[in-house]
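Using the sequences plus the hints, can you model the full thing?
In case you want the letters, here they are:
There are 4 protein chains.
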Amino acid sequence: MELQVVEQAVAAASDKTCEGKVATYIPELGKADGSRVGVSVFSRSGERLSVGDTKTRFSIQSISKVISLAVALELCGFDMVFQNVGMEPSGDAFNSMVKLEYAHSVPYNPMINAGAIVIASYLARRISFEEMMRTSRSLCLDPDIVLDENVYRSEMSNISRNRAIAYLLESKGYIEKDVEKCLHFYVKMCSLSVTAESLAGLGLVLANDGIHPATGERLLQEQTVRVVKTIMLTCGMYDGSGQFAVRVGIPSKSGVGGGILSVIDREMGIGIYGPALDDKGNSVAGRYILEYLSEKWHLHLFDNRK
Amino acid sequence: MELQVVEQAVAAASDKTCEGKVATYIPELGKADGSRVGVSVFSRSGERLSVGDTKTRFSIQSISKVISLAVALELCGFDMVFQNVGMEPSGDAFNSMVKLEYAHSVPYNPMINAGAIVIASYLARRISFEEMMRTSRSLCLDPDIVLDENVYRSEMSNISRNRAIAYLLESKGYIEKDVEKCLHFYVKMCSLSVTAESLAGLGLVLANDGIHPATGERLLQEQTVRVVKTIMLTCGMYDGSGQFAVRVGIPSKSGVGGGILSVIDREMGIGIYGPALDDKGNSVAGRYILEYLSEKWHLHLFDNRK
Amino acid sequence: MELQVVEQAVAAASDKTCEGKVATYIPELGKADGSRVGVSVFSRSGERLSVGDTKTRFSIQSISKVISLAVALELCGFDMVFQNVGMEPSGDAFNSMVKLEYAHSVPYNPMINAGAIVIASYLARRISFEEMMRTSRSLCLDPDIVLDENVYRSEMSNISRNRAIAYLLESKGYIEKDVEKCLHFYVKMCSLSVTAESLAGLGLVLANDGIHPATGERLLQEQTVRVVKTIMLTCGMYDGSGQFAVRVGIPSKSGVGGGILSVIDREMGIGIYGPALDDKGNSVAGRYILEYLSEKWHLHLFDNRK
Amino acid sequence: MELQVVEQAVAAASDKTCEGKVATYIPELGKADGSRVGVSVFSRSGERLSVGDTKTRFSIQSISKVISLAVALELCGFDMVFQNVGMEPSGDAFNSMVKLEYAHSVPYNPMINAGAIVIASYLARRISFEEMMRTSRSLCLDPDIVLDENVYRSEMSNISRNRAIAYLLESKGYIEKDVEKCLHFYVKMCSLSVTAESLAGLGLVLANDGIHPATGERLLQEQTVRVVKTIMLTCGMYDGSGQFAVRVGIPSKSGVGGGILSVIDREMGIGIYGPALDDKGNSVAGRYILEYLSEKWHLHLFDNRK
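Quick note, the sequences are listed as chains L, E, A and C, same order. Under my numbering, the first residue of the first sequence carries the number 2, and numbering increases by one thereafter. Under my numbering, the first residue of the second sequence carries the number 2, and numbering increases by one thereafter. Under my numbering, the first residue of the third sequence carries the number 2, and numbering increases by one thereafter. Under my numbering, the first residue of the fourth sequence carries the number 2, and numbering increases by one thereafter.
Some hints here could point you the wrong way.
If several chains are the same, the list does not tell them apart, and a pair holds so long as it fits within one copy or across any two.
[As the list claims (entries may be wrong)] In silico BS3-like links for lysine-lysine, alpha-carbon gap of 25 Å or less:
hint	residue 1	residue 2
1	56	182
2	32	173
3	281	173
4	281	22
5	22	173
6	297	17
7	56	17
8	297	32
9	32	17
10	173	297
11	56	22
12	32	22
13	17	281
14	173	56
15	182	17
16	182	32
17	182	22
Since the hints were made in silico from the structure, they are not lab data.
In structure tokens:
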């Protein structure tokens, strides 16, 4: 785990950022600087490498789906969580409504919007957003996570498609009444303000099977972490998840704010910031860096050269 | 790796076979005895456990997709293989044509029929079926694999849907002309006659990164095996792959002949026979046994209790 | 046009009502008596036949889509109306969202919910509901049409699916902001309280090319009426429209309140009440009666025996 | 019915042909001259107007679906014909397979390829192609109709998509075995060589309710003609049928060879040749001419100014 390798990765990835675009479907996201790149690597042995913009705050967006799933598993248990949401990759875009209609099924998994809205509905009745924010700080080893009010407001002003998804879910009996409360909860979670370091912290906790790496405190049950890592692997990179698993082989979750959370099981957590996105919504620099590190450090799940 | 655990698994699974049904869409498959169950476990250390019907021959069916993908990767290379077939789980049934139509895309992955037919089209122009059969014997550590002529003929008499898929692929330019030759190749591969032991042998070779466990001969490139294992994990259990990854966490591939091939990376290969199938086409007994062994032996990819 | 034929039709249709069910997706609709049947026939010559429950008030539901389309054509003109809504039968159920998603198109026609919500969005900015109600009274030759407050409230409490459709439309830019106002307008129009006689009146005005049959006043432009009759013919009976056109051949529009509006061009208007519905949402008795009258009186568009 | 109006229509339409393109999916069709335009109008009173290229032979293509439907209704009866094919407009492109898959239904109507292949399967077992050709000559009042061998061969060399449709239908039990024979029959019917005058002749027979206009011989049952005209109206212009019904209001059927068959009920038949097609596969010139004549001569089904 040499600093030099990470620096090379960041340097090369910086050249690629021009191939992507910052998200613009929410005005506030459009203000990000697409050329930014930052990577943090936190190892179980305590080593911490940070290169580039690793202290810049950005909105967590879809990566919050990992935290919400974990907390829902802790609060409701496996069976209840997966009563109204599946575990299958969908092969469709993250905001697709097609399978909900044609396949007459529950949302395919908790990493697409429809599934995450079901999870938000479970949570909104059981835990306050403030409590969720405290849990997020704890899981990310970052006490400074706050709600980005500008993102939150901007997103609530452009919520029509997610509102459509939520009401469709409600009409099918998959979420409880008070759809608006559920939507606010969902959007607030997306608007948490994190850094590449926060994500590396969360990745480390997951790599460590849910145990705080310094204090030894159990933050999440072992089974919760297992489920979360598996679903990150099969569904974490939008409709590019399958390709990412083959090429990179690292359980990861990306967000349109430009972040990627990655877990090298039993070894390390990686957090990335790079707001220029490819056409599937994944950070261009992030994907490049993870492919680079996977190759150099033999991080692929089925790479036994390490 | 105690024999007793496997025996318990088989005994319990035998009680479940009545919940499934043998495949009947091909008359020849309908002749199987749904109560049969057999499991073989071959470890890298050389240990071999076999319980139940592990010497009964049955048709490999979709498990041949693993062999075909591996050979195609060796013969054509990664880039060419994935030019006309993707790596994404589809979320649809194995014989669905919907995504081909609506999503205007290449077949989603090599484990669904459409993708495997594309792979068969690559292979049919490059290698004879006889050569493929010899390779299959080698990879499965089973010199007795033959073509089951009855299954082959029965399947060719009920090929309309796959023929429709193949001609649709041809009309879109994803496979070359001589569709009929490609279909024969595809069906012959599905009609290979294997045992639970053959599948355990193949699993062991994959667990051993492509190296013959006894002779040390490299049978498949390391990268080929990595790709194959990843795609088995994300797409191997039909549209139940995601759930299987979460609950069991073992790269596996099932076939409607009742077989399941499983790979415990760096540890062992498991082969199962149990022709009573659930509604997704996976062996009922096989799924039960793998869930049981995964729990008892901590075989889940992200189970770190082992 | 003999009374006896209508009486026979009603008698025979009454025996069929047990094959259908009253709509229950809105509690208030579920209170209807499924055995009720009524038919009114108003001819251009001034003759009026009424048999059965022709003075019972019920909610107009989807038949209001005909009035809304007509008024929108008058207020906005053909080109503007069909900018964000098509004229194609969809082949899908009335409340389907699939084509909106997969076909990336505007709603297929103004008779499905999505299309009618677009029309409501045009209207809500241009005309008050009270004015629409007055226009409805005028077009139906029925000064007693009112808003059924119970239906309106019941429907607003079960609006999730239509709300989902409306927000999806808004997210795609097909309807203006203030989605809630548009929804209220849409639901109020569905909650107008009519009788079989009201519908016969409306049918007569359309059969008479938009001219009041008694006063000679032009209520609708000739072109508006032509468009409306054509769309009733191709899209008026939900996803049974094509079959109805073949078998019955009368431009009609049904509603889940149990009403059917029919137009025999240049001859007569027919209004039917029969709240027991078939699985496509059309009145069982109504369909039977129209098939019967079409056969007896040679009313099919292409029946030249008359 | 003045010649001058038809001449004006043709002159104006000729200027529009550059907006379209001749079909190229079959090489033989690509040889057509896109600037050609011809119109024939045959009236019940015996008048015949022909302007432009009305004697040029071209392949009938999808217009043969009208003849096949009519003959199938005569040979098998209404109920049997509509057992494995529906009467609903599909809203999808003519060669779509999506509804077959997702909606688990029979083909939507006899005017799309899937439906016409079902009809061809009925016919191929009951009547020889030579007999069908003789019937076509009789119905089109054109004894010179022949099979265009070049088109037939060209089409059979590019049949993959239709072959896929046919085998999918066979796999679902909607057509009988001997799919290849059925396909040959279907393609031969598409390869009949007609002129604008042939189509005007067929239109006149349909306008005359199935009776030969000169001899008075009944060629088709009255009910057969009624069904055919209705389905032409709702489904005849591919996925532009609804819009065409609203704007033009004339039961018509187009083919990618550039022909359009139109029926002005009780009045006249119109045949058009104009091989430059719009993006839905309808003749650009043909659509323009029909809209022009409909407006000038008040031919719209619901135009009562005539």
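Results of checking the hints against the structure:
In this assembly of identical chains, the alpha carbons of residue 56 and residue 182 never lie at most 25 Å apart, being 32 Å within a copy and 44 Å across copies at closest. In this homomeric assembly, residue 32 and residue 173 come within 25 Å of each other (Cα to Cα) only across copies, at 23 Å, whereas the closest approach inside a single copy is 37 Å. With identical chains, the CA atoms of residue 281 and residue 173 are at most 25 Å apart between copies only, with a shortest distance of 19 Å across copies and 28 Å within one. For the homomeric pair residue 281 and residue 22, the shortest alpha-carbon distance inside one copy (11 Å) is at most 25 Å, but the shortest distance between copies (34 Å) is not.
Within a single copy, residue 22 and residue 173 get their C-alpha atoms only as close as 36 Å, which misses the 25 Å cut-off; across copies the closest is 21 Å, which meets it. For a Cα distance limit of 25 Å, the shortest separation of residue 297 from residue 17 inside one copy, 19 Å, qualifies, whereas the shortest one across copies, 46 Å, does not. Proximity of residue 56 to residue 17 under the C-alpha cut-off of 25 Å is restricted to the intra-copy arrangement: shortest distance 21 Å within a copy versus 55 Å between copies. For a Cα distance limit of 25 Å, the shortest separation of residue 297 from residue 32 qualifies neither inside one copy, at 34 Å, nor across copies, at 52 Å.
Taking the closest pair of Cα atoms, residue 32 and residue 17 come within 25 Å of each other only inside a single copy of the chain (19 Å); across copies the shortest separation is 47 Å, beyond that limit. Proximity of residue 173 to residue 297 under the C-alpha cut-off of 25 Å is found in neither arrangement, the shortest distances being 48 Å within a copy and 38 Å between copies. For the homomeric pair residue 56 and residue 22, the shortest alpha-carbon distance inside one copy (21 Å) is at most 25 Å, but the shortest distance between copies (57 Å) is not. For the identical chains of this complex, residue 32 and residue 22 are intra-copy neighbours only, at 11 Å inside a copy versus 45 Å across copies, given an alpha-carbon limit of 25 Å.
Taking the shortest alpha-carbon separations for residue 17 and residue 281, only the intra-copy value of 16 Å comes in at or below 25 Å, while the best inter-copy value is 40 Å. With identical chains, the CA atoms of residue 173 and residue 56 are never at most 25 Å apart, being 42 Å at best within one copy and 36 Å at best between copies. Within a single copy, residue 182 and residue 17 get their C-alpha atoms no closer than 40 Å, and across copies no closer than 44 Å, so neither meets the 25 Å cut-off. In the homo-oligomer, the alpha carbons of residue 182 and residue 32 never lie at most 25 Å apart, since the shortest distance is 27 Å inside one protomer and 32 Å across protomers.
For a Cα distance limit of 25 Å, the shortest separation of residue 182 from residue 22 qualifies neither inside one copy, at 32 Å, nor across copies, at 36 Å.
Comparing the model with each earlier hint shows violations of hints 1, 8, 10, 14, 15, 16, 17; every other hint is respected.
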